[in-house]
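Start from the sequences, fold in the hints, and give me the full structure.
2 protein chains.
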Amino acid sequence: MACQSGDFFQVATSHSFDVLISEVGPRDGLQSVGSTMSTVDKCAWIDALAASGLQEIEVGSFVSPKLLPQMADTAAVVRHALCHPQLTVMVLVPNLRGAQAAIDAGVHKITLPISASSAHSMANVRKSPQEMVDEVRNIIALRDEIAPRVHVEAGISTAFGCTMQGVVPDDEVISLAAACAHAGADEVGLSDTTGMANPAQVQRLFKRLIAELGDKAGAAHMHNTRGLGLANCLAAYEVGTRTFDASLGGLGGCPYAPGASGNVVTEDLVFMFEAMGVRTGVDLERLIAARTQLAHGLPGEPLYGMTPLAGLPKGFEPAAYAPAS
Amino acid sequence: MACQSGDFFQVATSHSFDVLISEVGPRDGLQSVGSTMSTVDKCAWIDALAASGLQEIEVGSFVSPKLLPQMADTAAVVRHALCHPQLTVMVLVPNLRGAQAAIDAGVHKITLPISASSAHSMANVRKSPQEMVDEVRNIIALRDEIAPRVHVEAGISTAFGCTMQGVVPDDEVISLAAACAHAGADEVGLSDTTGMANPAQVQRLFKRLIAELGDKAGAAHMHNTRGLGLANCLAAYEVGTRTFDASLGGLGGCPYAPGASGNVVTEDLVFMFEAMGVRTGVDLERLIAARTQLAHGLPGEPLYGMTPLAGLPKGFEPAAYAPAS
Numbered sequence: 000m001a002c003q004s005g006d007f008f009q010v011a012t013s014h015s016f017d018v019l020i021s022e023v024g025p026r027d028g029l030q031s032v033g034s035t036m037s038t039v040d041k042c043a044w045i046d047a048l049a050a051s052g053l054q055e056i057e058v059g060s061f062v063s064p065k066l067l068p069q070m071a072d073t074a075a076v077v078r079h080a081l082c083h084p085q086l087t088v089m090v091l092v093p094n095l096r097g098a099q100a101a102i103d104a105g106v107h108k109i110t111l112p113i114s115a116s117s118a119h120s121m122a123n124v125r126k127s128p129q130e131m132v133d134e135v136r137n138i139i140a141l142r143d144e145i146a147p148r149v150h151v152e153a154g155i156s157t158a159f160g161c162t163m164q165g166v167v168p169d170d171e172v173i174s175l176a177a178a179c180a181h182a183g184a185d186e187v188g189l190s191d192t193t194g195m196a197n198p199a200q201v202q203r204l205f206k207r208l209i210a211e212l213g214d215k216a217g218a219a220h221m222h223n224t225r226g227l228g229l230a231n232c233l234a235a236y237e238v239g240t241r242t243f244d245a246s247l248g249g250l251g252g253c254p255y256a257p258g259a260s261g262n263v264v265t266e267d268l269v270f271m272f273e274a275m276g277v278r279t280g281v282d283l284e285r286l287i288a289a290r291t292q293l294a295h296g297l298p299g300e301p302l303y304g305m306t307p308l309a310g311l312p313k314g315f316e317p318a319a320y321a322p323a324s
Numbered sequence: 000m001a002c003q004s005g006d007f008f009q010v011a012t013s014h015s016f017d018v019l020i021s022e023v024g025p026r027d028g029l030q031s032v033g034s035t036m037s038t039v040d041k042c043a044w045i046d047a048l049a050a051s052g053l054q055e056i057e058v059g060s061f062v063s064p065k066l067l068p069q070m071a072d073t074a075a076v077v078r079h080a081l082c083h084p085q086l087t088v089m090v091l092v093p094n095l096r097g098a099q100a101a102i103d104a105g106v107h108k109i110t111l112p113i114s115a116s117s118a119h120s121m122a123n124v125r126k127s128p129q130e131m132v133d134e135v136r137n138i139i140a141l142r143d144e145i146a147p148r149v150h151v152e153a154g155i156s157t158a159f160g161c162t163m164q165g166v167v168p169d170d171e172v173i174s175l176a177a178a179c180a181h182a183g184a185d186e187v188g189l190s191d192t193t194g195m196a197n198p199a200q201v202q203r204l205f206k207r208l209i210a211e212l213g214d215k216a217g218a219a220h221m222h223n224t225r226g227l228g229l230a231n232c233l234a235a236y237e238v239g240t241r242t243f244d245a246s247l248g249g250l251g252g253c254p255y256a257p258g259a260s261g262n263v264v265t266e267d268l269v270f271m272f273e274a275m276g277v278r279t280g281v282d283l284e285r286l287i288a289a290r291t292q293l294a295h296g297l298p299g300e301p302l303y304g305m306t307p308l309a310g311l312p313k314g315f316e317p318a319a320y321a322p323a324s
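First to last, the sequence lines map onto chains U and X.
Residue numbers for the first sequence follow numbering that gives the first Met the number 0, so the first one is 0 and each next one is one higher.
Residue numbers for the second sequence follow numbering that gives the first Met the number 0, so the first one is 0 and each next one is one higher.
It is worth saying that the hints were derived from the structure and are not from the lab.
All residues carry an ideal CB built from backbone N, CA and C; glycine is no exception.
Just to be clear, a hint being listed does not mean it is correct.
[Said to hold, decoys possible] Listed below are the simulated DSS-like cross-link pairs for lysine-lysine, each with C-alpha atoms no more than 27 angstroms apart in a straight line:
(1) X:K126 - U:K313
(2) X:K313 - U:K206
(3) X:K108 - X:K65
(4) U:K126 - U:K215
(5) U:K206 - U:K108
(6) U:K65 - U:K108
(7) U:K108 - U:K126
(8) U:K126 - X:K313
(9) X:K206 - U:K206
(10) X:K108 - X:K126
(11) X:K65 - X:K126
(12) X:K108 - X:K206
(13) X:K215 - X:K108
(14) X:K215 - X:K126
(15) X:K206 - U:K313
[As the list claims (entries may be wrong)] Here are some, though not all, of the chain X residues that point toward chain U, as calculated from beta-carbon distances under 7 angstroms:
(16) T162
(17) G165
(18) N197
(19) T224
(20) G226
(21) A230
(22) D267
(23) M271
(24) L302
(25) T306
(26) A309
(27) P312
(28) G314
Have a look at this one:
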């Protein structure tokens, strides 16, 4: 798809934020809903998201189209997203084959989910966590050979508990994260895949992650399953986390069903940070406006988020932007 | 109404909690909805709430029945609630006359709302904040004379912003809180009446409140208007706040309408603290069960809360109880 032009693309520069909001709706959201958004609507939605100043968008995943037909057009969506010069275009891949496809499509960043729960890992990708670390190593070797500028993130899923095995020990989470970093991942994040995290646990684990991995410590991917999404993001922020995954309208698993995921709502997360004086680089009004395009592309799908309904408070001022450098 | 008996009333002792959850649904919730819950249903709901281990319930308010017909039976509800020996029975009063009625009814604790925003104060009670401080002084004099064991709380409303005047300066909030304490209030809390608070502001103001008032620093009354309710409670907890207002099912203003209040959901708040290892003294399963009685008494009223829908996580253990002393 051709790029659009005009002031639609006038966004904040990449230097004007304190936290990076990584929008995962076009991947995590769209692969969780029953209906498939058309390629045209995906691209228009990504345009609207990018126009709000979001610096990073997970635009799709390279997985079997038999498994996830909603993601079959990811290569085309990537090509379109690359038209936004200030955007980091990211995709999820489950394996080396997906990574090859992602690199061929021209992405800037790859994320690979690696479950800390063996039960979840076997059920999800039919590989043990250790076998997934081997996959990281293979992907890094491929990346180093053919696309050295592509950034590879490992996301430790079920890091805060698993609906199959229950508790996941902290030590296992941190040693798996360290193994991914040693295998060459540029960044390792922690995901509350099952919505079981609490702020004390989030602080404990991210503190250890940062102590162990330094600047390779990555994103907090929190869910709002039990209403704690923003509290958990706040907790992660307080111990030094600076990248947060979120989904416009909370798209990604219905939060009103048992076991559902319920991503953190981007609008509420951006409101929280901006109100605190923490710069996201995102224009809240444009972000909220992007819901219109999402609703157009997925008619009938429920959208969540409190800030869009309540509106911005009287006298609200977003965090001040630093001069672009 | 007669008290019920049996194991229904076997609750945690008053020594077995780290934070006090003050349930405001029967007052703040019921006075915000259009329909009126019957006295019998109010009492049965309060029984179910008390049975979960809640130590403090705001059971009603002594205001003009012309203004709030839903609260006309507060004296009868207070009498019933007093049957629960471990429960602090609390009511809201807007003035000296209400305080007299509350003391006559036999309450343990009175809360008086005092707005930090002059515009809000005049609109709400037709008195300036300073005139309300005088009212605190009069209530304290009455209390000292006829009911010295009754505890008087002042709740500073619009402490984090006002829908009428916008920003409310921190200095004004803190000096009003100090004036209430000097006027004799036993405890002074801060209320995010309008759902405008953010965690940085919450920490800043509660830090100052605690520094200024010491053990007279009281409850955090947060709203979920923009989704930040739990994050703001966490922020207040982190700087030393130990009492939190919340409402079962988030009853109290529809969170899905502009300007609505949207109380913090008790179920999600208790889940957050218990999961963190912070003891609330509340049994989550019994608390969630109390929704049945609420729904019965207010048919058709929407109830909020994510934890009741998602259920407790696999392997979840509430915070350990200290031996009752």
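Comparing the hints with the structure gives:
{"no.": "1", "hint": "X:K126 - U:K313", "verdict": "23 angstroms, holds"}
{"no.": "2", "hint": "X:K313 - U:K206", "verdict": "24 angstroms, holds"}
{"no.": "3", "hint": "X:K108 - X:K65", "verdict": "24 angstroms, holds"}
{"no.": "4", "hint": "U:K126 - U:K215", "verdict": "24 angstroms, holds"}
{"no.": "5", "hint": "U:K206 - U:K108", "verdict": "25 angstroms, holds"}
{"no.": "6", "hint": "U:K65 - U:K108", "verdict": "24 angstroms, holds"}
{"no.": "7", "hint": "U:K108 - U:K126", "verdict": "23 angstroms, holds"}
{"no.": "8", "hint": "U:K126 - X:K313", "verdict": "23 angstroms, holds"}
{"no.": "9", "hint": "X:K206 - U:K206", "verdict": "24 angstroms, holds"}
{"no.": "10", "hint": "X:K108 - X:K126", "verdict": "23 angstroms, holds"}
{"no.": "11", "hint": "X:K65 - X:K126", "verdict": "19 angstroms, holds"}
{"no.": "12", "hint": "X:K108 - X:K206", "verdict": "25 angstroms, holds"}
{"no.": "13", "hint": "X:K215 - X:K108", "verdict": "14 angstroms, holds"}
{"no.": "14", "hint": "X:K215 - X:K126", "verdict": "24 angstroms, holds"}
{"no.": "15", "hint": "X:K206 - U:K313", "verdict": "24 angstroms, holds"}
{"no.": "16", "hint": "T162", "verdict": "6 angstroms, holds"}
{"no.": "17", "hint": "G165", "verdict": "3 angstroms, holds"}
{"no.": "18", "hint": "N197", "verdict": "4 angstroms, holds"}
{"no.": "19", "hint": "T224", "verdict": "5 angstroms, holds"}
{"no.": "20", "hint": "G226", "verdict": "4 angstroms, holds"}
{"no.": "21", "hint": "A230", "verdict": "4 angstroms, holds"}
{"no.": "22", "hint": "D267", "verdict": "4 angstroms, holds"}
{"no.": "23", "hint": "M271", "verdict": "6 angstroms, holds"}
{"no.": "24", "hint": "L302", "verdict": "12 angstroms, violated"}
{"no.": "25", "hint": "T306", "verdict": "5 angstroms, holds"}
{"no.": "26", "hint": "A309", "verdict": "5 angstroms, holds"}
{"no.": "27", "hint": "P312", "verdict": "4 angstroms, holds"}
{"no.": "28", "hint": "G314", "verdict": "3 angstroms, holds"}
Of the numbered hints stated above, the single one contradicted by the structure is hint 24.
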